[in-house]
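Residue numbers (our numbering), protein chains in the order written: chain A, 72 to 175; chain B, 457 to 958.
Calculated directly from the structure, the hints in this document are not laboratory data. Errors might be hidden in some of the hints.
[Claimed, not checked] Here are the simulated distance ranges between beta carbons:
| id | chain 1 | residue 1 | chain 2 | residue 2 | range |
| --- | --- | --- | --- | --- | --- |
| 1 | B | Asp-476 | A | Glu-93 | 49 to 59 angstroms |
| 2 | A | Val-144 | B | Asp-524 | 12 to 22 angstroms |
| 3 | B | Glu-655 | A | Pro-90 | 54 to 64 angstroms |
| 4 | A | Asp-153 | B | Ala-491 | 35 to 45 angstroms |
| 5 | B | Arg-539 | A | Ala-159 | 41 to 51 angstroms |
Ideal placement from N, C-alpha and C gives every residue a C-beta, glycine not left out.
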Amino acid sequence: MTELSARFQLKLYVTGQTPRSERVIARVREIAREYLPGDCEPIVIDVLEEPQMAERDRILATPTLIRQFPLPVRRIIGDLTDRPRVLAELGLDDIPYNLHRPSH
Amino acid sequence: MTTPISKLPTGIPGFDSISDGGLPKGRTTLLAGTAGSAKTVFAAQFLAEGIGIYGESGVFITFEESPDDIRRNVISLGWDIERWEAEGRWRFVDASPHPDGEVVIGAYDLGALLARIENAIQSIGAQRVSMDSVGAIFSHFTEASVVRHELFRIASVLRALGVTALLTAERTDEYGEVARFGIEEFVADNVIVLRNILEEEKRRRTVEILKFRGTSHNKGEYPFTIMPQEGIVVIPVSAIELKQNSSSIRVSSGNRVLDHMCGGGFFRDSIILVSGSTGTGKTLMTTEFVAGGLKEGERCLMFAFEESAEQLFRNASGWGVDFAKAVRERQLKIVCAYPETAGLEDHLVSMKQTIDEFRPDRVAVDSLSALERVGTVKGFREFVIALTSFVKHKETVGLFTSTTPHLLGGTSITEAHISTITDSIVLLRYVEMFGEMRRGLTVLKMRGSMHDKDIREFKIDGAGMHIGDPFRSVAGILSGQTRHLAPNEVGRIDALFRDDEG
Numbered sequence: 072m073t074e075l076s077a078r079f080q081l082k083l084y085v086t087g088q089t090p091r092s093e094r095v096i097a098r099v100r101e102i103a104r105e106y107l108p109g110d111c112e113p114i115v116i117d118v119l120e121e122p123q124m125a126e127r128d129r130i131l132a133t134p135t136l137i138r139q140f141p142l143p144v145r146r147i148i149g150d151l152t153d154r155p156r157v158l159a160e161l162g163l164d165d166i167p168y169n170l171h172r173p174s175h
Numbered sequence: 457m458t459t460p461i462s463k464l465p466t467g468i469p470g471f472d473s474i475s476d477g478g479l480p481k482g483r484t485t486l487l488a489g490t491a492g493s494a495k496t497v498f499a500a501q502f503l504a505e506g507i508g509i510y511g512e513s514g515v516f517i518t519f520e521e522s523p524d525d526i527r528r529n530v531i532s533l534g535w536d537i538e539r540w541e542a543e544g545r546w547r548f549v550d551a552s553p554h555p556d557g558e559v560v561i562g563a564y565d566l567g568a569l570l571a572r573i574e575n576a577i578q579s580i581g582a583q584r585v586s587m588d589s590v591g592a593i594f595s596h597f598t599e600a601s602v603v604r605h606e607l608f609r610i611a612s613v614l615r616a617l618g619v620t621a622l623l624t625a626e627r628t629d630e631y632g633e634v635a636r637f638g639i640e641e642f643v644a645d646n647v648i649v650l651r652n653i654l655e656e657e658k659r660r661r662t663v664e665i666l667k668f669r670g671t672s673h674n675k676g677e678y679p680f681t682i683m684p685q686e687g688i689v690v691i692p693v694s695a696i697e698l699k700q701n702s703s704s705i706r707v708s709s710g711n712r713v714l715d716h717m718c719g720g721g722f723f724r725d726s727i728i729l730v731s732g733s734t735g736t737g738k739t740l741m742t743t744e745f746v747a748g749g750l751k752e753g754e755r756c757l758m759f760a761f762e763e764s765a766e767q768l769f770r771n772a773s774g775w776g777v778d779f780a781k782a783v784r785e786r787q788l789k790i791v792c793a794y795p796e797t798a799g800l801e802d803h804l805v806s807m808k809q810t811i812d813e814f815r816p817d818r819v820a821v822d823s824l825s826a827l828e829r830v831g832t833v834k835g836f837r838e839f840v841i842a843l844t845s846f847v848k849h850k851e852t853v854g855l856f857t858s859t860t861p862h863l864l865g866g867t868s869i870t871e872a873h874i875s876t877i878t879d880s881i882v883l884l885r886y887v888e889m890f891g892e893m894r895r896g897l898t899v900l901k902m903r904g905s906m907h908d909k910d911i912r913e914f915k916i917d918g919a920g921m922h923i924g925d926p927f928r929s930v931a932g933i934l935s936g937q938t939r940h941l942a943p944n945e946v947g948r949i950d951a952l953f954r955d956d957e958g
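Could you build the full structure based on these sequences and the hints that come with them?
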């Protein structure tokens, strides 16, 4: 399980430090915290600061969340308000929730 | 402070003429057209000419095709995008659909696209931007209101950056709404429409400037063609008509009697139409016209659409004129082409190129009416107007022949379109007299000069054309309904309509 999780890589594109950006960053971090081990911190990219990154990944819309690993690559557009659907897209829905809850 | 809108010359041949100087500078212009109407070529050419002619760099935002496809598609038009990219004069923003696909969960905007566009423009100091084509982004992002709002934002940013932009959009009908998705509502200031119409089984491309807010442009549809190594060439019909000045210098028609009938020869920058049915002597008159020029040491150019060069050489030598020698000495150029090998627009562009390259003093076209069957009536009219204006503008004397469909009398489509813009019209007609076919010639029109109004008989022999005396006892030659008049009747009518002018 850890092995699979370790290969998880998320990249989130946002535009500027707006309330919408802050909200979606919080949502993604929350999912990562609850479902992925600590070394799978999502990468957050502000297109205003790094447009060449957006160019390379051919991002048009923000927010865009990319599941870089595991393959296949998944791209999700929007502010991720529907959490169950986001989990399904990321392939995290079939894993029993409790099993992945980080133990404190 | 408000400043008037200035124009940015596109460099697209002919377009800057019909647009009174180019695209509205610092604005976004909508370029709408159906599938296959050459929107992408236009958009790419806007950048290519900017780089090639004005040293202005450009950004191409592609929503549909991949940059690779575009590079490949335009290389045959002579545009080496890859080289320009390496030189930092062209940049793509690839906004084509991502192969991985995307799902939408929640609200979004196109902030990343906007950031990429700004970045691309600033990185190469672009002055021109093309976006092709906006319909694709509406099918990519289904929330049309969001996309509309974002495109409006992009247009505002482009305006703030001072770049001149083209935004292409699809239309479903050639003569329906301007564009799909209500795009014209947010870039409504400037609209150009490209059309690719099937008319009488012939394809015809046209460009029309629907509106340029706050600045002038020519109205109506203008035909254009796409030439290899050149791209779009717009044919500005009325735009070139206005620039002609007229000369009072006379040149010889190649026939002494005809010169006399015209009041001393043709004018230096005039267009002469020679009309007659088959076999009346049009090619002979063309030959004499060319020979007359050669004798004066002028450069002559001949477009032959009915006969091969060998046939022309043989005909000419039959009348004692050595064309082959003149061609060898580069004083004469003969271009033979079958009318069907190309569309009218292509013929026009290649004829203009030949004229520009050879710089002739005289141009002969034998026959202009052979090109009638290649295009539509409307297209042919535009062709004739454009060609005659071009020839006149070069201060070249042009002699065009036109074949009338009937042996006796009659007019042709060519005449109907050309007669008002030609300076002189010479009619060659068969005259039936006492069971015999004779030939008659008259100068119907000679702008700016007195001329002989007789219908004269002429004969053709081994030495060429011999113009003789007027027909005296025949009426109705031009209509083909000849009537023979008794000599005293002729004298009576003459006395009634005595014409003292000449």
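Now for the hints, and whether the structure bears them out:
| no. | hint | result |
| --- | --- | --- |
| 1 | B:Asp-476 - A:Glu-93: 49 to 59 angstroms | holds (50 angstroms) |
| 2 | A:Val-144 - B:Asp-524: 12 to 22 angstroms | holds (20 angstroms) |
| 3 | B:Glu-655 - A:Pro-90: 54 to 64 angstroms | holds (57 angstroms) |
| 4 | A:Asp-153 - B:Ala-491: 35 to 45 angstroms | holds (37 angstroms) |
| 5 | B:Arg-539 - A:Ala-159: 41 to 51 angstroms | holds (47 angstroms) |
Against the hints set out earlier in the document, no violation occurs for any number.
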